[in-house]
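K.L.:
Spelled out from the first residue to the last, the chains are:
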Amino acid sequence: MGKLGKILGLAIILLLCSGATALADNVGPHGNYTANTAACAQCHRTHTANAPNLLAFTTSGNQNYIYRTCIFCHDGTGSKYDEVDGQILESNGDRYPTPAGGFQNMATIGGPPGVAATAPVTSSHIVDSPDGSGVNIPGGSQAANGAIELTCVNCHDPHGDTGNSRLLVPVVPVLSPDGTTWETISTTSSTLYTPTSTSVTINVTDTTTGESVTYNSAISNFCGACHTDYLQTTTGPTGVYTTGLYRHPVAENGYNLAASGATGYNGTNFALPTASGNVTCLTCHYAHGTTVMVATSTYDPPAPVRPATLLRMDERGVCENCHNLSPSTVAPVPESSPDSYLVVNSQQNVTYAILTFSTYMNSVQAQKVSNYALSGQSGLSVVSASLEPNGLMGKQVLLQINGTATLPLTITATNLKDLNGNALAAGANSFTLSP
Amino acid sequence: MKARRLLGMMASIVIVGIVFFGYFYFVKQSPLAFATSDDPANYTVPPNFLYAINNDPGYSLDRPMSVIVANDQIYVADAGTGKVVVFDYNGKFEHYLKPGKASFGRPYGLATEGSYVFVSDTVTGKIYVFDALDHYVGLFPTQVGVLAAPAGITFANNNLYVADVQRNMVYEFNSKGSLLQSFGANGEQQGQLTFPNCVAVDSFGKVFVSDSGNNRIVVYNSKAVVIRYIGVKSSGQGDILTPRGLAFDQNGDLWVVSGLADRIQVYAPNGEALMKFGVTGDAYGQFSLPNGIFIDPNNRIYVTETGNSRISVLAR
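Chains as they are written, first to last, in this note's numbering: chain C, 4 to 438; chain Y, 37 to 352.
Any given hint might turn out to be false.
As the list claims (entries may be wrong) - Derived SDA-like pairs (lysine to any residue); straight-line CA-CA distance at most 25 angstroms: (1) Lys137/Y with Gly382/C; (2) Lys371/C with Gly382/C; (3) Lys312/Y with Gly382/C; (4) Lys312/Y with Lys371/C.
Claimed, not checked - Counterexamples of contact, computed for chain Y against chain C with all Cβ distances above 10 angstroms: (5) Ile51; (6) Tyr59; (7) Phe85; (8) Tyr95; (9) Gln109; (10) Ser151; (11) Val159; (12) Gly213; (13) Gln225; (14) Lys242; (15) Asn287; (16) Leu296; (17) Asn335; (18) Gly343.
Hint data in this document are derived by calculation from the structure and do not stem from the laboratory. Here the structure is a predicted model, which is why all the values come from computation and not from measurement. We put the beta carbon where it would ideally sit given N, CA and C, even for glycine.
With these hints in hand, go ahead and build the complete structure from the sequences.
P.N.:
In structure tokens:
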């Protein structure tokens with residue numbers, strides 16, 4: 004990779020590491036510099052810089068310094084957003100999953116210390132390669148296969164002037180296939196259709212208990228800047244780089260689920276995130292990484308080493324969540340220890356139960372406190388029930404129980420159904436839990 | 037007879053020479069540096085590069101956060117691999133610390149008291165204790181839920197000080213794990229902290245905290261009252277950028293790692309700037325995203341580099 008390229012890339016990235024507390028619904032320390040110009044000096048020197056763009060840093064050697072620079076703070080030691088392990092660190096001690104997933108690990112359960120849990124990712128965008136080798140673009144330029152330098156700055160602009168609070172860039176910089184120059188791929192134009200939006204717009208809510216992100220517009224177009232051939236409004240056959248192939252439709256502002264007439268679609272059991280009912284790339288895929296397990300690949304050659312391909316559900320669960328052509332009639336069952344377990348905090352007189360089911364559960368019933376009964380122990384009461392969104396993606400429920408449970412504790416769940424509408428079988432609906 | 041005496045003298049000279057230079061070879065110190073480094077208060081010349089502990093096929097370093105010397109060994113908390121790597125005093129790999137049947141998450145801080153070694157972990161939120169033989173003793177018994185992401189730790193006056201980078205607080209525990217007091221609060225105002233990565237205590241009991249997000253060192257007295265800031269621009273002391281590791285030298289002066297500046301800055305206890313050095317790069321003697329620092333009794337300075345994934349050892 005050219006030194007100039009590294010420097011230019013780094014020019015875009017460095018303020019990602021500004022140490023001030025990042026806020027969820029704005030660009031945090033990466034913008035509004037007129038109000039806090041001290042942040043400039045995190046990365047720049049006016050008269051004594053070491054690199055172009057008045058950077059205090061130079062880049063050299065065999066490390067991906069852009070990624071290294073970002074995670075200098077974004078490993079949780081300088082930002083609440085720990086992108087390495089996919090968790091948001093709140094100053095009250097709680098940890099929650101990041102909406103995009105993580106690059107090495109990923110929070111699967113959110114909550115206080117001892118309760119929050121992470122798991123290793125099974126696939127992720129490769130943003131830490133020293134030289135970009137081995138990185139290719141599914142649905143993108145095949146000539147560029149193996150020569151793409153992908154780092155944080157391809158998608159995020161540290162200066163924050165992107166119009167969205169995830170700092171998503173309007174133009175994606177990509178190293179040329181010969182590795183000598185940076186090229187740009189516009190997210191606002193395409194060889195295949197004319198977009199109507201100019202930049203990704205999002206809403207962020209629940210800013211103190213993890214975060215919920217809703218993508219309003221242009222997110223599929225953003226992904227499609229690189230994954231060009233996969234950005235289709237019809238099933239095909241289409242394609243620029245891989246021609247004549249049939250594609251699942253997504254579109255700039257998403258592909259409308261209700262209007263699409265998706266075979267077997269049942270909105271009441273739909274668990275994946277949409278943009279106002281529209282299917283986007285992020286409906287089925289995480290942006291950073293995933294922990295789901297996928298045994299085989301349906302991906303065009305060359306098959307990826309890690310076939311999970313950032314999916315949100317195990318195997319092809321995302322397919323059946325819309326196209327439920329042959330709904331399973333198998334009743335969900337409680338998974339015993341160690342998949343389900345208790346965390347007892349006698350000092351604070353609170354108990355947490357992590358209940359793991361064999362399949363994806365319907366959140367409406369799973370999050371009703373009244374659906375859980377504690378047997379044999381007085382003084383205990385369930386005060387909250389949360390279907391954990393990441394990692395096992397809707398297979399785990401976190402119960403907060405007031406009081407100190409005596410072990411073992413038996414919890415019976417009633418009225419719970421999975422995404423196919425199958426109820427827990429009577430007589431097979433209780434968990435006997437130990438730590 | 038004369039010839040024998042001459043031979044004897046020559047043999048003596050050779051033996052003395054072997055012992056003399058052998059010592060310096062063994063401790064990897066230049067005799068010249070030894071001869072010229074007798075003034076710890078000399079801040080006109082930066083320390084010399086001595087050697088580096090690099091990544092190696094026999095072990096792995098990825099984002100080493102901190103380093104200490106204890107029990108004649110070098111301990112490195114390596115966040116990327118989730119391991120604590122032990123080297124001999126010359127930087128030769130020895131073994132890993134193993135916390136019983138469990139595993140570390142992201143080990144960050146290291147401290148020593150007596151011959152015990154303490155390891156903090158920002159992911160598990162725990163502090164692990166090992167004995168002089170590197171056997172796992174158990175967890176430091178803090179109350180459940182006090183610590184969230186313990187980063188830099190240090191022992192002083194039989195008490196353990198912990199910088200919690202998630203809670204934005206510094207905690208002082210006695211040796212039995214009871215919380216004695218806390219320093220700071222989340223924010224950028226007087227005495228508040230934003231991502232405090234490291235804590236150091238001087239011989240008078242004053243507590244120095246690297247307030248990374250606020251680009252300053254906050255100095256508290258032993259009663260948690262702010263008495264000084266170091267490195268803030270308005271003081272004319274030179275700016276600190278994202279201060280991380282802290283260490284006191286034998287002269288009682290404070291060495292600060294300016295992480296994003298790839299620089300090390302030295303301050304007198306009163307905040308007077310004495311020296312700064314370090315340039316960006318991956319050549320020996322240069323730094324990339326340094327984080328931790330430790331100064332041993334032989335005046336060796338150990339710097340962990342998260343960018344170059346190595347330990348640079350300097351000597352004065």
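K.L.:
Indicate, hint by hint, whether the structure satisfies it.
P.N.:
How the hints compare with the structure:
1. The suggested pairing of Lys137/Y with Gly382/C is violated, with an alpha-carbon distance near 35 angstroms, which exceeds 25 angstroms.
2. In summary, the hint linking Lys371/C to Gly382/C is supported, as the alpha carbons are separated by about 20 angstroms, within the 25 angstroms threshold.
3. In summary, the hint linking Lys312/Y to Gly382/C is not supported, as the alpha carbons are separated by about 61 angstroms, beyond the 25 angstroms threshold.
4. For the given pair, Lys312/Y sits about 60 angstroms from Lys371/C by alpha-carbon distance, which is inconsistent with the 25 angstroms threshold.
5. The Cβ of Ile51/Y sits about 44 angstroms from the closest Cβ of chain C, beyond the 10 angstroms cut-off, so the non-interface label holds.
6. At roughly 34 angstroms from the closest C-beta of chain C, the C-beta of Tyr59/Y stays outside 10 angstroms, upholding its exclusion from the interface.
7. With a least CB separation of 16 angstroms from chain C, Phe85/Y remains clear of the 10 angstroms interface cut-off, as annotated.
8. With a least beta-carbon separation of about 18 angstroms from chain C, Tyr95/Y lies farther than 10 angstroms from that chain, consistent with its non-interface assignment.
9. With a least CB separation of 25 angstroms from chain C, Gln109/Y remains clear of the 10 angstroms interface cut-off, as annotated.
10. Non-interface call for Ser151/Y relative to chain C: holds, since the shortest CB-CB distance, roughly 29 angstroms, exceeds 10 angstroms.
11. Not every CB of chain C lies more than 10 angstroms from the CB of Val159/Y, the least distance being 6 angstroms, so the non-interface label is violated.
12. Distance check for Gly213/Y against chain C: the nearest CB is about 13 angstroms away, which clears 10 angstroms, and the non-interface claim stands.
13. For Gln225/Y, the condition that its CB be more than 10 angstroms from all CB atoms of chain C holds, with the nearest at approximately 13 angstroms.
14. The beta carbon of Lys242/Y is kept farther than 10 angstroms from every beta carbon of chain C, the shortest such distance being approximately 23 angstroms.
15. Listed as a non-interface residue, Asn287/Y keeps its Cβ farther than 10 angstroms from every Cβ of chain C; the least gap is roughly 28 angstroms.
16. For Leu296/Y, the shortest C-beta to C-beta distance to chain C comes to about 6 angstroms, within the 10 angstroms cut-off, and the non-interface label is violated.
17. Even its closest Cβ contact with chain C, about 28 angstroms, leaves Asn335/Y beyond 10 angstroms, as expected for a residue assigned away from the interface.
18. The beta carbon of Gly343/Y is not kept farther than 10 angstroms from every beta carbon of chain C, the shortest such distance being approximately 5 angstroms.
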